[in-house]
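Visitor: As a plain string of letters, each chain reads:
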Amino acid sequence: MSLGPRELRRYSRHLLIPEVGLAGQERLAGARALVVGAGGLGSPALQYLAAAGVGRIGIVDDDVVDETNLQRQTIFGTEDIGKRKAEAAAQRVHAINPFVAVDPLALRFDESNARELVALYDVVLDCSDRFPTRYLVNDACILEGKPDVYASIFRFDGQVGVFTRDAPCYRCLYPEPPPAGSVPTCAEGGVLGVLAGIVGAWQASEALKLLLRIGKPLIGRLMLVDALDGNTREVRFDRDPQCALCGAGATIRQAREMQYGEQEARDVEEIEPSELDETLREWALLDVREPHEIVLGVIPGAIHVPASELEARLHELDSARRYVVACRVGAKSRWAVQRLRDAGFSRVRHLRGGLLAYAVEHEDFAFF
Amino acid sequence: MTVRIIIFARLREIVGAAERPLTLPSGALVRDAWAALAAEMPALSPLETSTRVARNGRIIATDEPLHDGDEIAFLPPVGGG
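As they're listed, the protein sequences go chains A and B. Quick note: the first sequence uses the numbering used here, first residue 36, plus one each step. Quick note: the second sequence uses the numbering used here, first residue 408, plus one each step.
If you're looking for bench data, these hints aren't it; they were derived computationally from the structure. Ideal placement from N, C-alpha and C gives every residue a C-beta, glycine not left out. Incorrect hints may have been included.
[Unchecked claim] A short, non-exhaustive set of chain B residues, derived as facing chain A with CB atoms under 10 Å:
{"id": "1", "residue": "Glu420"}
{"id": "2", "residue": "Thr456"}
{"id": "3", "residue": "Thr458"}
{"id": "4", "residue": "Gly487"}
[Unchecked claim] Listed next, with one range per pair, are the computed distances between beta-carbon atoms:
{"id": "5", "chain 1": "A", "residue 1": "Gly112", "chain 2": "B", "residue 2": "Ala468", "range": "46 to 52 Å"}
{"id": "6", "chain 1": "B", "residue 1": "Ala468", "chain 2": "A", "residue 2": "Leu142", "range": "37 to 43 Å"}
{"id": "7", "chain 1": "B", "residue 1": "Glu426", "chain 2": "A", "residue 2": "Thr103", "range": "29 to 35 Å"}
{"id": "8", "chain 1": "A", "residue 1": "Gln277", "chain 2": "B", "residue 2": "Asp475", "range": "28 to 34 Å"}
{"id": "9", "chain 1": "B", "residue 1": "Ala468", "chain 2": "A", "residue 2": "Gly250", "range": "28 to 34 Å"}
{"id": "10", "chain 1": "B", "residue 1": "Glu426", "chain 2": "A", "residue 2": "Gly56", "range": "41 to 47 Å"}
{"id": "11", "chain 1": "B", "residue 1": "Arg411", "chain 2": "A", "residue 2": "Ala58", "range": "43 to 49 Å"}
{"id": "12", "chain 1": "B", "residue 1": "Ala468", "chain 2": "A", "residue 2": "Thr314", "range": "46 to 52 Å"}
{"id": "13", "chain 1": "B", "residue 1": "His474", "chain 2": "A", "residue 2": "His397", "range": "53 to 59 Å"}
{"id": "14", "chain 1": "A", "residue 1": "Pro276", "chain 2": "B", "residue 2": "Thr430", "range": "32 to 38 Å"}
{"id": "15", "chain 1": "B", "residue 1": "Leu436", "chain 2": "A", "residue 2": "Ala58", "range": "48 to 54 Å"}
{"id": "16", "chain 1": "B", "residue 1": "Thr430", "chain 2": "A", "residue 2": "Ile249", "range": "43 to 49 Å"}
{"id": "17", "chain 1": "B", "residue 1": "Met448", "chain 2": "A", "residue 2": "His350", "range": "16 to 22 Å"}
{"id": "18", "chain 1": "B", "residue 1": "Leu436", "chain 2": "A", "residue 2": "Phe400", "range": "48 to 54 Å"}
Using the sequences plus the hints, can you model the full thing?
Guide: Right, here's the structure in full:
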């Protein structure tokens, strides 16, 4: 795709790099990238792909911008609160670079559209925030023969890698997801905003390298970013001959979303946020959030025992008593109920969706 | 023998440190290092099946042997984005 004078001027600092040059810049102008998730990672990735002049950029996200996103999702501004992320991000991409075509896809990336979407682009950036979507992006990419540029973040730690059909895939690295609730998301565990910027920008760099066919992509190598200690590491990994997707006896032939978290839900009795007030007339509320989370809001009368100290402080609780166990979003509380059951507490339930879900239904409850 | 354990993400929150030495009997395997750590901290156990282990910068199976001075990295899956 040949570039006009305005584009040559815009991209002049790329044209000066021998590894990019005019041929590389034209290659980018003819390239298509799909970004799954316009959140913490998607924000920097989209902005740099747009600025770099990737000819067509797809943005898949079915969510809307929320005030708590703005601490890290720098593609959005305060005025975007309440707008669809795919559309608000597309507007920003267009504002950065009108030479880029944008496909705002305000829908959920799921098994009904995964392969069809992936097939329309040259490279896919997994900027999602849940394990089932990560496996689905990987499976769709490997089945369609498209590279999956993966990144993920938690608090101060990030991971970046590239998965392709003829190299190790995400399932070779992580054959199975962690038990539901054992690994917090950013909404549950928090994340340093700028870490999303560092890792998402790295992800964009890997995508651009693949499109330009330059450098050494992070294939078979997992980059580990530690923003707290200020270092990066790399671990190498091989194809797993037993991989369910790309191994010799592969069983996965379609991109299907995995069942996740439903087994655990059946094992633990739960109450709905709407039932909490009524239940608390006879049950005690056991708040298992960590001490630093308490500042985000409390329910008066709650007993506080952080999940991390639960085992050591069981003697403070009465196994004959009835407890509703709550945390921020309902992951730690589910785990805590299982621990309490194992310890002989028979009348324990967890608050589904946590205090965050309760706050949605109770506007007078100040919770963040 | 003594190996150096490096711990990431969610595991680091549970263990409360990014690095620590671990002394194991000679002939210990990768999974013995995990078992020693999990014995101290039962909250690690839900992550056992999904955590990958790298020895000196390469991810390996849990039945591989360890050697004195090895650097063992525990890499739990990270999902946030």
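Visitor: Of all the hints numbered above, which does this structure not satisfy? Sort the numbers upward.
Guide: none
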